[in-house]
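Colleague: Protein chains in written order, with our numbering: chain R, 1 to 286; chain D, 1 to 266.
Calculated directly from the structure, the hints in this document are not laboratory data. Using N, Cα and C, we set each Cβ at its ideal position, and we do this for glycine too. There's no promise every hint is true.
[Unchecked claim] Example chain R residues on the side facing chain D (calculated, C-beta under 7 angstroms, incomplete): (1) SER18; (2) SER20; (3) VAL246; (4) LEU276.
Read off the chains here:
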Amino acid sequence: MQGSSFRRSSVAGLPAGSGSALPALLLVGLFFIVPVVALLLRSVTDPEPGLQNYAALFGSGTYVRVFLNTFLVASVVTAVTILVAFPVAWMLAIMPPALGSIVFGIIILSMWTNLLTRTYAWMVLLQRTGVINRALMGLGIIHEPLPLINNLAGVTIGMVYIMLPFMILPLVGTLRAIDPMTLRAAALCGASPFEAFRRILLPLSLPGIAAGGLMVFVMSLGYFVTPALLGGTSNMMLAEMIAQTVQSLLNWGLGSAAAFVLLVVTMALYAIQLRLVGAKRAGGGI
Amino acid sequence: MLLDYDRLGWLRVALVGFTAAVAAFLLLPVVFIVLLSFGSSRWLAFPPPGWTLKWYQQLLADPTWIDAALTSARIAAMAAILAVVIGLFASFSLVRGEFRGRQVLRGLLLTPMVLPVVVFAIAIYAFFLRIGLAGTTVGFVIAHTILALPFAIIPITAALEGFDKSIEDAAIICGASPLQARLRITLPSIRIGIFSAAIFSFLASWDEVVVAIFMASPTLQTLPVKIWGSLRADLSPVVAAASSLLVGLTLCLMIVTALLRRKLSR
Chain R
1 MQGSSFRRSS VAGLPAGSGS ALPALLLVGL FFIVPVVALL LRSVTDPEPG
51 LQNYAALFGS GTYVRVFLNT FLVASVVTAV TILVAFPVAW MLAIMPPALG
101 SIVFGIIILS MWTNLLTRTY AWMVLLQRTG VINRALMGLG IIHEPLPLIN
151 NLAGVTIGMV YIMLPFMILP LVGTLRAIDP MTLRAAALCG ASPFEAFRRI
201 LLPLSLPGIA AGGLMVFVMS LGYFVTPALL GGTSNMMLAE MIAQTVQSLL
251 NWGLGSAAAF VLLVVTMALY AIQLRLVGAK RAGGGI
Chain D
1 MLLDYDRLGW LRVALVGFTA AVAAFLLLPV VFIVLLSFGS SRWLAFPPPG
51 WTLKWYQQLL ADPTWIDAAL TSARIAAMAA ILAVVIGLFA SFSLVRGEFR
101 GRQVLRGLLL TPMVLPVVVF AIAIYAFFLR IGLAGTTVGF VIAHTILALP
151 FAIIPITAAL EGFDKSIEDA AIICGASPLQ ARLRITLPSI RIGIFSAAIF
201 SFLASWDEVV VAIFMASPTL QTLPVKIWGS LRADLSPVVA AASSLLVGLT
251 LCLMIVTALL RRKLSR
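Chain R extracted, bound-state conformation (with noise of 0.2 angstroms):
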C-alpha cells in the first residue's frame, strides 16, 4: 500500500501525505504543547525566576509525603488489580462464548458508566453506615463499623473499581495468544497444574500483566477524581494536590513544579510500556 502508484505530489512543500495532519497539528500545538510548556516554564518563573518552587516541593515533609503516599496508592492499586485480573482474563479468554459475553458486557457497562457515578456509588456503600458495614455487621463477622472511606482502603477500592477493565481486557489478548498445546505438553510430560501455571502459563503471559500494570500504575499516579473523593485527608494524592495548590491557594509556581514532577515520571514510564508492547508485537508473530 505504500508503494502506490497513486501517491499524491506534495503539497505546498510539505512531505507527502503529511498536509491532512496539519489542523489536528495546528490543534494539539497551539492548545496543548503551548500552555503545557508555559505551565512548565512558569514553575521556574513564578514568583520569580529560580528553582525555589522545586526546592519548597522537595524540602517540605508534606510534599514528600504526598509523593510517597501516591506512589504507596498506586503500587497498591496496581497490585490488587493485576491479582483479581488475571484469573478472570484467564477465564475470560477460554470460557464459552455464550458465558463470556455476559461478562464482558458487565465489564463494558461498568466502564463506560459515568466515573463520578461510579465514585458515588461506592461513597454511599462505604460509608461507616453504608450497605457493606452493616451486612458484615449483620453477618456477626465484624462488630463495630470498619472505616472504609477517607482512608487507603477506600481508595484502593474505588481505584481497582475503574482499573479492572484496563487490566483485564488486554490480558484476555495476552491470554488468547498462548496455544494451548504448551499447557497440555507440560502436563504430558508429568507437570503439575501448579508447575504447569508457574513455569509456563505465568511467564508466557507476563508481558501482558507488565503491559497493562504499567499502564494501571501510571493512570492511578495521575489520578484526581476517586482519591479526592474516597481518600482521606492525610493520604493526599499528587494530582489532588496539584488542583488544590492551584485553586484554592493559588500558588501556580508551586503547583507548576509538582505538575512537571508529574509529567515527568508519567511519561518517563509511558515510554518504557510503549517498549513492553512494542516488544510484545514483535514477539508475537514467532
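Dock chain D against the given chain R, drawing on the hints supplied.
Modeller: Here is chain D on its own, set in the frame of chain R:
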C-alpha cells in the same frame, strides 16, 4: 491443560466462581445506585424503607440540572464532531503518509490521552485565563476536543490500516477523482471505525470532570461539574437519580452500538 476449559477440573469451579464474584463486584455499584434512586430515605438507607419517584421529580424540576445536562450534551457533540473530522484527516496522514517522523506525530497526537488530565487541566486553564477563553463554551469545546482526539484517531487509524488501498486505487482507475474515491469507497468501508470514534470521543467529553471543574463558571457548568459539586456538598439522593439516568443512557448507548455494529458489518 490449564487453557482447556473442559479439562480444568476442580480448578474451573474455583476460577469460574472467582470470575462470577468479580462480575458481581463490577455490577454492584451500578445496580445499587439505580435501586437507591427509587428509595425513599433521605439518608440513603439501604434497603430503603419505601419506594418513591420524588428524587426524579426533584431532579427534573430543578432547571440547573437540566441546564447542566444540555450544556454537557452540546459541548460533547461539538467536541465529538470536531475530534472525528480532525482525527479522520490526521488518520489518513498517519496511515498513508510517507514522511519521516510519522511515528513521532502519532505519539504527539496521542499524548493528551497519556498525560495526567490534571496537568493538562491547569495548563489549559492558565492559558485560557490569559486569552479570555476560560469559562466559555468555545474554551470547553477546544479543551475537550484535544482530550477526545486520541479516542477518535485510534479506531479510525485501526480501520484505515485494515482497509485495502488498492480498492480506492481501482475506483480511481475506473474514473473516479481521488476525492470521490475517498468519499464513496474509503469512508463507507471504514464506517465502523468512524462510528466507534464518534462514540468514544463523545463519551470522553461527556464524562470529563477534571478540566471541566477548572473551566466551569457559575453560568456555565457541565453535568459532571454539577454532580461533583453535589457530591462535595452532601450525598443527596437527587444525585442517585441523576446517576441512574446516566446508567440508563450508557445502557442505551451499548445497545445502539451493538446493533449498529452488527448492521454496519454486514
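Colleague: A separate judgement is required for each hint: does it hold in the structure or not?
Modeller: Hints, one by one, checked against the model:
Using the Cβ-Cβ criterion of 7 angstroms, the hint placing R/SER18 at the interface with chain D is satisfied: the shortest such distance is roughly 5 angstroms. Proximity of R/SER20 to chain D holds as hinted, the smallest CB-CB distance being about 4 angstroms (cut-off 7 angstroms). At a threshold of 7 angstroms, the smallest CB-CB gap from R/VAL246 to chain D is about 5 angstroms, leaving the interface hint in force. Because the beta carbon of R/LEU276 sits about 14 angstroms from the nearest beta carbon in chain D, more than 7 angstroms, this interface hint is broken.
In the structure shown, a violation is registered for the earlier hint numbered 4 alone.
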